[in-house]
Amino acid sequence: MEKDYKKLFMNLEDAKPSDELFEKIILRIGKEERMTVAKKRIIFFSFLLIVSSFGLVYSFIAVQEALVNSGFFQFFSLIFSDFSIVATYWQNFLLTLLESLPVIAVVISLVMLSLVLGFSTFLMKDIQFINSNNIIRKNHGF
Amino acid sequence: MDNDSDEKLVEYFLDGEKRALEILIFRYFKIIYNFCYRYVGDANAAEDITQETFVKTWKNLKKFDKNKKFKTWLFQIAKNSCIDYLRKKKTIPFSRFENEDGDNIFVDNFVDSSPLPDELFKRKDLSSFLEGAINKLPVNHKMVMFLYYKNEFNFREIAEILNEPIDTIKSRYRRGLISLRKEIGDYEY
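Protein chains in written order, with the numbering used here: chain A, 97 to 238; chain B, 1347 to 1535.
Honestly, I wouldn't trust all of these hints.
Derived CB-CB ranges, DEER-like [said to hold, decoys possible]:
no., chain 1, residue 1, chain 2, residue 2, range
1, B, D1430, A, D115, 45 to 55 Å
2, B, K1354, A, E119, 18 to 28 Å
3, B, L1472, A, E129, 40 to 50 Å
4, B, G1478, A, F140, 53 to 63 Å
5, B, K1354, A, V153, 55 to 65 Å
6, A, S216, B, L1360, 34 to 44 Å
7, A, E116, B, G1531, 37 to 47 Å
8, A, L123, B, D1388, 16 to 26 Å
9, B, N1349, A, K135, 35 to 45 Å
10, B, L1360, A, G126, 15 to 25 Å
By construction, these hints were calculated from the structure, which means they are not laboratory data. It should be emphasised that the depicted structure is a prediction, and the values quoted were computed from it without experimental measurement. Note that beta-carbon positions come from the ideal geometry of N, C-alpha and C, so glycine has one too.
Please work from the sequences and hints to get the whole structure.
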């Protein structure tokens, strides 16, 4: 009897998957691999974004303090109070303005700003990648 | 590497050999697809579940117990993926997976052991006829019979795959045989 049923089941035709199924599986695993990497990157960039955001705030405060201490604001206000003198001696005025500019603090804050923007872009890209894959998974019933 | 055992290929993969996983997938994707197709009865869904099965397999390969058979473990993942899919689609009530084995001593112990009629095997449309008869069986009975006859698992392995006691599996097998016999017997050759 056992042999009969085995023979019977062997007569059943196998369901045929699409020709691309094997490739689809490999691609899907590749995508999941990238998802795993993206998740790790999200954690990494989130940490960097938080650190650089704090850095940006502190560098802005430092720039503001340096501008006050160097007298930059006072020189700059001459444009509004004594424009005719500034226009006459504009070359000297420009030089004085540049000399009073806290270059290092400004450069540091600009670097911080570009880091915050850069990390935000990377973070958004990874979040979008994961979201789009999650939508695909949901649409397929998983 | 192509002729290595499944368990050896898992080891190779864990050692960093990516091709080992590809060989494993190639070895089983059609079998798993067939299993999923029988379980959910939908070709497109079966493809999605097959993909999901292998993704889960890849994700959990590190947790694979090397003392177990890879094939049994893979079928376990496929079965769980099928159930997840059906639950989310809500196409079948959850109760269909449980509590369907009532204690009917007569049914559990009576199986017609007479050989199947020769006319049956002479039928030109045997495959489609059989397909129709098998599809009338409850899904749990059908899956036990498929795993036993088509995928050549023993009752212990089937119990492991379906996460059920071995007695339940044997009971389902017997009930499946009775139902199939009835379906085949009802037909006039």
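So, going through the hints one by one against the coordinates:
| no. | hint | result |
| --- | --- | --- |
| 1 | B/D1430 / A/D115: 45 to 55 Å | 26 Å, violated |
| 2 | B/K1354 / A/E119: 18 to 28 Å | 25 Å, holds |
| 3 | B/L1472 / A/E129: 40 to 50 Å | 44 Å, holds |
| 4 | B/G1478 / A/F140: 53 to 63 Å | 56 Å, holds |
| 5 | B/K1354 / A/V153: 55 to 65 Å | 56 Å, holds |
| 6 | A/S216 / B/L1360: 34 to 44 Å | 37 Å, holds |
| 7 | A/E116 / B/G1531: 37 to 47 Å | 41 Å, holds |
| 8 | A/L123 / B/D1388: 16 to 26 Å | 22 Å, holds |
| 9 | B/N1349 / A/K135: 35 to 45 Å | 36 Å, holds |
| 10 | B/L1360 / A/G126: 15 to 25 Å | 18 Å, holds |
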